[in-house]
Amino acid sequence: MSGLTRRHFGLLLGASASSLALPTYLRAQEKPRVVVIGGGPGGATVAKYVARDSAGAIDVTLINETETFTTCFFSNLYLGDFQSFDDITHDYDKLVSNYGIKKITGRAASVDREAKTVTLADGSTVPYDRLVLAPGIDIIYDSVPGYSQEAAQIAPHAWKAGPQTQLLKEKLDAVEDGQNIVMVAPPNPFRCPPGPYERISMFAHVLKKKGFTRSKIFVLDYKESFSKQALFTEGWEAHYPGMVEWYGPDVHGGVKSVDAAAGTVETDLDVFEGALLNIIPSQRAGAIAVDAGVTNEAGWVPIDENSMRSKVDDSIFVLGDASVAGDMPKSAFSANSQAKVAAINIRADLTDARAFPARYSNTCWSLIETNDGVKVGAQYEPKDGKIAAVETFISQPGEDADLRKATYEESVGWYAGIVEDVFG
Amino acid sequence: MKLAFHAVLALAALNSPVLAVADPSSIQRVGEAREVILGIDADRAYGEYLAGDCVACHRLSGEPAGIPIIHGQPVSDLITALLEYKLGVRTNEVMSVRTARLGDQEIAALAAHFAAQTK
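The listed protein sequences derive, respectively, from chains U and W.
For the record, in the first sequence the residue sitting at position 45 is 45 according to the numbering used here, with numbers rising by one throughout.
For the record, in the second sequence the residue sitting at position 24 is 24 according to the numbering used here, with numbers rising by one throughout.
Think of the hints as simulated: they come from the structure by calculation, not from any bench.
In this text, a Cβ means the ideal position worked out from N, Cα and C, and glycines have one as well.
Nothing false has been slipped in among the hints.
Far from chain W, some chain U residues (derived; all Cβ distances over 12 Å):
| # | residue |
| --- | --- |
| 1 | GLY100 |
| 2 | GLY123 |
| 3 | GLY146 |
| 4 | SER148 |
| 5 | GLU170 |
| 6 | VAL206 |
| 7 | TYR247 |
| 8 | THR264 |
| 9 | ALA298 |
Where chain U lies over chain W, by a calculated footprint (3+ residues, C-beta under 8 Å):
| # | segment |
| --- | --- |
| 10 | 50-58 |
| 11 | 63-70 |
| 12 | 97-110 |
Kindly generate the complete structure, drawing on both the sequences and the hints.
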């Protein structure tokens with residue numbers, strides 16, 4: 001811009017021409033561009049933090065397939081009638097109006113890493129200087145024999161919040177006393193490690209509240225053990241005696257086939273029949289990460305532990321469930337935390353902002369029964385080539401009721417807090 | 001402001017009680033460390049970055065249900081609260097792990113950042 005300040009340049013423009021008429025080389029000197037794919041707790045947070053903290057020096061575009069975002073976190077509490085669907089659904093209005101983020105409602109179909117452009121499903125392209133991939137998970141339907149996207153309309157996974165969650169709720173509410181529920185729980189790694197077991201708790205809560213204690217909930221797990229196992233097991237025995245039966249692979253011998261229409265799951269051990277089947281298959285990073293060529297053989301994205309930058313492309317950052325984040329679980333809290341590390345590195349890349357050492361945190365609260373909340377959490381730092389837990393805690397079996405109630409109330413406070421941090 | 005903060009602390013105490021028999025030496029260490037930290041020229045930009053850990057739970061607006069509001073509180077009170085969690089005078093597992101590895105510079109930066117935040 002040879003001698004013109006940005007402000008003077010803008011004034012000249014106002015007097016003479018629209019920016020569309022600018023020659024390409026001048027447009028190229030406009031603000032650096034950050035494009036974020038995925039408007040969940042990772043993507044929306046990084047969009048907000050880059051836009052807010054760069055105070056207009058960086059153009060931020062957020063691409064998300066839907067107008068609103070229903071959070072997977074707390075969706076179990078919707079199933080359990082502790083939250084409404086509206087309570088867990090949020091819009092992007094404040095991100096647009098408060099921070100000048102450009103929101104595109106559409107599906108990002110492909111990434112051209114050479115040209116540094118994202119192509120949307122409608123054919124339009126969006127250029128970037130830094131790209132953030134926060135696409136969450138894709139479900140690998142055929143990892144469970146007999147299961148498919150079509151079968152999910154009868155036997156929902158509900159592992160991506162939205163219509164699937166509402167379908168699961170409808171089916172849960174239709175279960176009658178004495179009818180059973182069968183859940184297939186996924187192998188590691190997967191989104192929200194305590195999630196299936198909190199969901200089991202909410203299933204049991206809804207049934208028990210109606211007096212349907214003759215019903216059983218069978219959990220056919222791909223894993224030998226699961227998150228907060230001692231806490232959930234204790235809680236199920238205390239609150240829902242005889243209602244929950246959990247089987248690891250050493251007992252059920254493997255899931256042989258799911259027949260959604262018949263309502264059955266066949267294992268080596270037995271054929272389990274349910275009025276409701278909740279099938280949660282294996283997962284991998286969202287398809288756009290695969291298309292961008294940044295995933296590993298397992299379908300997840302390796303990142304640099306100091307910045308959340310892709311290990312194969314310096315211009316791409318990857319957040320949340322899609323990333324290989326070392327000791328961090330795939331959780332909303334993790335994604336939100338990672339977004340802040342990515343944001344400061346993106347700003348340091350593109351402006352004169354200072355980058356600070358990476359630090360990460362996570363807490364996962366789970367509700368077992370009314371006012372019986374438990375939590376697990378940790379603080380993380382880059383160490384030995386990965387994001388490593390450096391301080392950890394977990395609720396203990398046998399805690400008194402007041403502490404469990406306070407833990408639940410804390411989780412409600414956290415939900416309000418993180419929603420404000422992500423979307424507010 | 002001071003009174004309001006103590007009202008908030010009282011709420012917070014539901015989740016994180018000051019131990020009935022807190023180690024007197026810990027309480028003394030909090031006092032000593034606070035004086036040292038109050039003398040630090042806090043790095044507000046660093047504090048803003050570190051605050052990312054806090055604002056996933058602590059809100060700028062709304063009622064402090066379940067989790068107290070820390071924005072706009074006096075620097076000295078914020079330093080005291082962080083030190084009490086770090087040194088085990090107050091117990092809440094989330095706060096204990098968040099504060100365990102905070103150094104004096106980090107505590108000074110966080111306190112300066114949050115004290116400057118208003119609704």
